[in-house]
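Trainee: Note that the protein sequences, when read in sequence, are chains A and B. So in the numbering used here, the last spot in the first sequence is 256, and the numbers never skip. So in the numbering used here, the last spot in the second sequence is 256, and the numbers never skip.
In short, the hints are calculated from the structure, not lab data. Check the hints yourself; a few may be wrong.
Pairs count within a copy or across copies, as identical chains cannot be separated in the list.
30 Å max Cα-Cα, derived DSS-like pairs, lysine-lysine [said to hold, decoys possible]:
{"hint": "1", "residue 1": "249", "residue 2": "72"}
{"hint": "2", "residue 1": "145", "residue 2": "41"}
{"hint": "3", "residue 1": "111", "residue 2": "41"}
{"hint": "4", "residue 1": "195", "residue 2": "145"}
{"hint": "5", "residue 1": "18", "residue 2": "63"}
{"hint": "6", "residue 1": "72", "residue 2": "195"}
There are 2 protein chains.
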Amino acid sequence: MSVIMLKIGGSVLTDKQKSSTARPDQIDRIAAEIGDSIDSKKLVLIHGAGSFGHHQALEYGLKAGLSQANIKGVWPTHHAVNILNSMIIDALYRHGVYAVPVHPLSSCVLKNGRIEHICLEVVEELLAAGIVPVLHGDVAADLRKGIDIISGDQIITALAKGLKADQVGVGTNVDGVHAKDFNTIEDISPANICKVKETLIGSRGVDVTGGMYGKIMELMDLASYGIPSLVFNAEKPGNVSEFLQGTCKGTLIHGD
Amino acid sequence: MSVIMLKIGGSVLTDKQKSSTARPDQIDRIAAEIGDSIDSKKLVLIHGAGSFGHHQALEYGLKAGLSQANIKGVWPTHHAVNILNSMIIDALYRHGVYAVPVHPLSSCVLKNGRIEHICLEVVEELLAAGIVPVLHGDVAADLRKGIDIISGDQIITALAKGLKADQVGVGTNVDGVHAKDFNTIEDISPANICKVKETLIGSRGVDVTGGMYGKIMELMDLASYGIPSLVFNAEKPGNVSEFLQGTCKGTLIHGD
Numbered sequence: 001m002s003v004i005m006l007k008i009g010g011s012v013l014t015d016k017q018k019s020s021t022a023r024p025d026q027i028d029r030i031a032a033e034i035g036d037s038i039d040s041k042k043l044v045l046i047h048g049a050g051s052f053g054h055h056q057a058l059e060y061g062l063k064a065g066l067s068q069a070n071i072k073g074v075w076p077t078h079h080a081v082n083i084l085n086s087m088i089i090d091a092l093y094r095h096g097v098y099a100v101p102v103h104p105l106s107s108c109v110l111k112n113g114r115i116e117h118i119c120l121e122v123v124e125e126l127l128a129a130g131i132v133p134v135l136h137g138d139v140a141a142d143l144r145k146g147i148d149i150i151s152g153d154q155i156i157t158a159l160a161k162g163l164k165a166d167q168v169g170v171g172t173n174v175d176g177v178h179a180k181d182f183n184t185i186e187d188i189s190p191a192n193i194c195k196v197k198e199t200l201i202g203s204r205g206v207d208v209t210g211g212m213y214g215k216i217m218e219l220m221d222l223a224s225y226g227i228p229s230l231v232f233n234a235e236k237p238g239n240v241s242e243f244l245q246g247t248c249k250g251t252l253i254h255g256d
Numbered sequence: 001m002s003v004i005m006l007k008i009g010g011s012v013l014t015d016k017q018k019s020s021t022a023r024p025d026q027i028d029r030i031a032a033e034i035g036d037s038i039d040s041k042k043l044v045l046i047h048g049a050g051s052f053g054h055h056q057a058l059e060y061g062l063k064a065g066l067s068q069a070n071i072k073g074v075w076p077t078h079h080a081v082n083i084l085n086s087m088i089i090d091a092l093y094r095h096g097v098y099a100v101p102v103h104p105l106s107s108c109v110l111k112n113g114r115i116e117h118i119c120l121e122v123v124e125e126l127l128a129a130g131i132v133p134v135l136h137g138d139v140a141a142d143l144r145k146g147i148d149i150i151s152g153d154q155i156i157t158a159l160a161k162g163l164k165a166d167q168v169g170v171g172t173n174v175d176g177v178h179a180k181d182f183n184t185i186e187d188i189s190p191a192n193i194c195k196v197k198e199t200l201i202g203s204r205g206v207d208v209t210g211g212m213y214g215k216i217m218e219l220m221d222l223a224s225y226g227i228p229s230l231v232f233n234a235e236k237p238g239n240v241s242e243f244l245q246g247t248c249k250g251t252l253i254h255g256d
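Model the full assembly from the supplied sequences, consistent with the hints where possible.
Mentor: Take a look at the structure:
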């Protein structure tokens, strides 16, 4: 089963500066592009939480792990991203893509913030049934910390390994990974990763899961398993469709 | 870890005659009783879908398995029960019970309508963190049928086995299991199960997951693993609290 994995960053789908504020035009456009180009492809979609969940996670201090003081923040944090997830699935339906949520809070266990267990069986069977599983950044149970935040970048890496994905894309709000001179870096591999680290510029807005460098480290890990990935600009109309057709440009992250 | 499992039927929490109609007074009362009596007990809550999901599942014919015609019914069916689930978790929070959803669609795989895989790890770790996992009747991926309906009764049985539950309660809208003369049957075991089958009366309203007899068969299966369960009236104020304290009356379902 040939599997495509696509993550769309929270900065594309939401206004990261304003708590729980979606960008419905972007959500609808991306859903339409997926509808236009999915054909019979097996797609797993992952979305960032953006301003749905990040603000709540920061307010309650969930990254520090569970305490008597912040236990009341778990449900509001999850519920916020669940609302964004429902908007995205509704948009996919409008464009003929039959998708359902697979919530990490229901299906993942972390250990010090890293995925210890992820319920691959559900994702595999939904794909086999012709349904698009949609995962997202979330709060999840943690063996050591009680609770922690799981990023969409970590999910795409773990799932791509588990499902032996054929094509992995990370849609952001920039034209791939930028050096300080604002030129897009065409490819990143173990050969140039140290130089890339020095020259990276930060991503905009609130991000409790790490910015571009954290993203690249997740994708370098994936590349070491023989699975390359493309970081591209999902804000640019047509790029999501081109990614699904294998023609999109961006930064290719690959192994040696 | 001593674990209590409590299922509250959809007929208690919703008006089964009207699509997507909750009974907010009942939801709030039950949440309050849980808040009063949970102390430091490890509780897993399961709720039926009631009129949130049953009507949609019937409308789209999801029990027949996935087809090109009904694939569009999967998300609306799940989304409906997700709304009920959010109401219940909100009510629990109001009464100081920190609960989160564990959606079967995200965490279970079926095979011909029976649970083939359930993500126990998540439920275990949430309990360890002092959080109440809340599961529910749902639509879920099925290895043979593409998709099928999973009942709360099947979930409580599978989880009780997996977690080696110490106490299992099934709260319905009747005083336990009734014979035709309307007297409650005090206990059901392999010794009287055939007689019970003959004398059972039906439960009210729409139920795509089977009525009282299906429920008893699930609980007889659980009893054969050495885990007895109590079917009791969760509509009667005080009974949920009494169940958590181990003093509630109803029908005890047990092994030889």
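Trainee: From the Cα coordinates, with 30 Å as the cut-off, is the pair residue 195 and residue 145 best called within, between, both, or neither?
Mentor: Neither way: residue 195 and residue 145 sit 34 Å apart in one copy and 51 Å across, limit 30 Å.
Trainee: Please work out whether the CA atoms of residue 72 and residue 195 approach to 30 Å or closer within one copy, between two copies, in both situations, or in neither?
Mentor: Answer is neither: 43 Å inside a copy and 48 Å across each miss the 30 Å cutoff.
Trainee: Checking an output row: residue 111 and residue 41, CA cutoff 30 Å. Within, between, both or neither?
Mentor: between (33 Å within a copy, 24 Å between copies)
Trainee: Given a CA cutoff of 30 Å, do residue 18 and residue 63 count as a within-copy pair, a between-copy pair, both, or neither?
Mentor: within (20 Å within a copy, 42 Å between copies)
Trainee: Within, between, both or neither: how does the pair residue 249, residue 72 come out at a Cα-Cα threshold of 30 Å?
Mentor: neither (43 Å within a copy, 33 Å between copies)
Trainee: My question is about residue 145 and residue 41: at a cut-off of 30 Å on alpha-carbon distance, are they close within one copy, between copies, both, or neither?
Mentor: Cα proximity of residue 145 and residue 41: across copies only (20 Å, versus 38 Å in one copy).
In summary, the numbered hints that this structure violates are 1, 4 and 6.
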